[in-house]
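Chains as they are written, first to last, in the UniProt record's numbering: chain A, 1 to 425; chain B, 1 to 425.
Among the hints, a few may not be true.
In this list, chains with the same sequence are indistinguishable; a pair is considered to hold if it fits within one copy or across any two.
To be verified - Below, computed lysine-lysine pairings styled on DSS-like, alpha-carbon distance capped at 27 Å:
(1) K97 with K3
(2) K182 with K5
(3) K270 with K20
(4) K120 with K28
(5) K407 with K49
Calculated directly from the structure, the hints in this document are not laboratory data.
2 protein chains.
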Amino acid sequence: MDKIKIGLVGLGTVGSSVLKMITENSDKVQNITGRSLSVKTVVIRDVAKHQNQVPAGVTVTTDLNAIINDPEIKIAVEVMGGVHPAKEVITKLLNAKKHVVTANKDLIASAGEELAAIAKHNHCDLMYEASVAGGIPILRTIVTSFAADYITEVKGIVNGTTNYILTQMQRKNWSYDLALAKAQELGFAESDPTNDVEGIDAAYKMIILSQFSYGTHLKLANMSVEGISTIQQSDVQQADAFGYTIKLLGISRRIDDGVFAEVGPVLVPKDHPLATINNENNAVMVTGQAVGETLFYGRGAGGLPTANSVLSDIVSVTKNIVLGTTGNSFNNYQSKVGKVDLNNVIYPYYLSLNMLDVPGQMLKFTQIMTQIGASFSRIVQTSTDGQTARVVIITHEMSKVQLHDLKQQLLAVDTMSLLAAYKVL
Amino acid sequence: MDKIKIGLVGLGTVGSSVLKMITENSDKVQNITGRSLSVKTVVIRDVAKHQNQVPAGVTVTTDLNAIINDPEIKIAVEVMGGVHPAKEVITKLLNAKKHVVTANKDLIASAGEELAAIAKHNHCDLMYEASVAGGIPILRTIVTSFAADYITEVKGIVNGTTNYILTQMQRKNWSYDLALAKAQELGFAESDPTNDVEGIDAAYKMIILSQFSYGTHLKLANMSVEGISTIQQSDVQQADAFGYTIKLLGISRRIDDGVFAEVGPVLVPKDHPLATINNENNAVMVTGQAVGETLFYGRGAGGLPTANSVLSDIVSVTKNIVLGTTGNSFNNYQSKVGKVDLNNVIYPYYLSLNMLDVPGQMLKFTQIMTQIGASFSRIVQTSTDGQTARVVIITHEMSKVQLHDLKQQLLAVDTMSLLAAYKVL
């Protein structure tokens, strides 16, 4: 039986799980692809540190050329992470005619188009299922199973760290700081958690999901991205009392002729499927004109679930090698989209305000709301320290333009301040 | 641009939705596949009845040869349903070198292997994503995304009719008969609902899911299949009081060296994701050694969702035609499995019994349970009419062998009878 040799760049959590899966599940892969797969070479920064993690017969080196110059190695797997030098590494690999599988969302979200062009030029495959939602096979599903449908919305919980923190804040009444510290202790959050907790990681994933769903290339700079670091325990409790769970959602919708994508805390009704996705789990909902609402749920991170997605790419590349059909883009769908009118981006909002505890404040707020043409369905004064009162409101549907106006108007009022404005699903 | 013509056999709910989707979403399909797809010929029994449902330029005929003898038609879609004459139709189409897409679960479950061999012999594609769980793209996901993982269990709600009936029984306290009548009125159940309500439709789908998950060919005759027609409203209420929802689940698990698959009513804890799948929706949970627990949720039936799965197959076949890679099986995974020891098929059970309302009955029952080595965690006497009492029990885990022994022993006791024995998840 023909053998296909693989080169691995990086041997962290995902890399070592990929190595484990290729070794342990080789029979099934052989059964399906008719090829025997094995890792021949691992490229890492510190050989001494990882030498004993690798089975006998596998070369461990710091030199990428050990993969690039080895004609036996057909597929390279990049699991080092980060944009640089991963971008340069993948470029070199593709130019050396190696098919590349990567789990690198930062890189794909920011330079995916460029790398796809390099892959195409070299008639190589470039696949990155693992870059979004770990073990959930969402990208390939959109490509293959919704190919003929017109997707109108893709949304979901696509960051495990923040979902873990929010779940603990909800269940254990922990503050954000405590929940973050616990998440770091358990390895669910990195020592510098910025990318996760500020929503940037989720935004990268929404960029990739939008590309697959709508054929469009969004830019991080054009997206509204809000994280969870300012969510108060009192907001979690108040949302709960209203019948909602706060989740960090990425939402990408067709509006007008365009696509509007953003990441931020959202109040999700407790009987909504997304409200039941807890801890480090991820879920993606895809709505299509024909198929209706679908949901894909699974582990969003972790070595083995992510490795499973890497393996699904390796199997796809192997099939393409066998069939002689490499060099086609992972996602062919390309479409120009127009502009979105922010007057048409409409949601109800959860607003949390501090007001000076003196007569006339609520009247003033109501006047501002009336002036911008907005109204509210629920209002609660939750606490007062004698000087300032905390007031929580759920509005009727209002547009991004109205929300912007509201924020501007409130800035001019020195007796009240807006602490939070979260969408309500 | 090259054109690919399609022949459609059948023009019911799914067929007319396929026609609509191909017509309306042709731009996106063209964008992805580089080919323009259109339906050229529709074969149906009653031309006069359907003539006006079809756009101008599409031939409507009763003669299958209009597809078979047309060299322009590359892909045929069978959506007539039923085993005969669908099997003969598909055989003829494949022997005429047409690629075939079908939504026919009865046929694929009972003759899929045979038809796959005919397809292979003719270097044709045979795909049937729509045969399981309507709009949920579960088969292709198992093939492509879990290819390298070792699947240990696949289970789910794979019949929309029974899930609709059970949802109504739960929410509205309707009897089974009333809920069935309403489902028939609304078109969610057929006038002869046997295949759905007796679990046969779900069993067919579990056979196909097991083939994809484990590479094994199960036979309906070897499966334990129980439907929902004997579920009492009192069971639904009692399950609810215990914190469970009764769902008709198909469960297929690796046990020992084999695969154990069955269909039957199961008590699902209310906080389990499957408990939140209501009405005609379907959901499939796949558990893999690497990926862990994943769930796929969507509409299990209906014209457009099912048509979307048919279209995903058409797009896959089209890509294969473009790449020159037709003739590969939809699912290549083949694996021999061994026997399952029924002593190792273990669940807690919900038991409902009628007992003569005289002293000593509970002692007798407890003696029987002790004799077979089983025990129970909860027991409720729900009602008595003075003569017989209804007793409901949740057992600790017990094996299929113990359950069989219990049923045998109870048959010999004329003062009590077992009304229901449902697994507890």
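Exercise. Enumerate the violated hints, using their earlier numbering and listing them in ascending order.
Key: Violated hints: 2, 3 and 5; rest satisfied.
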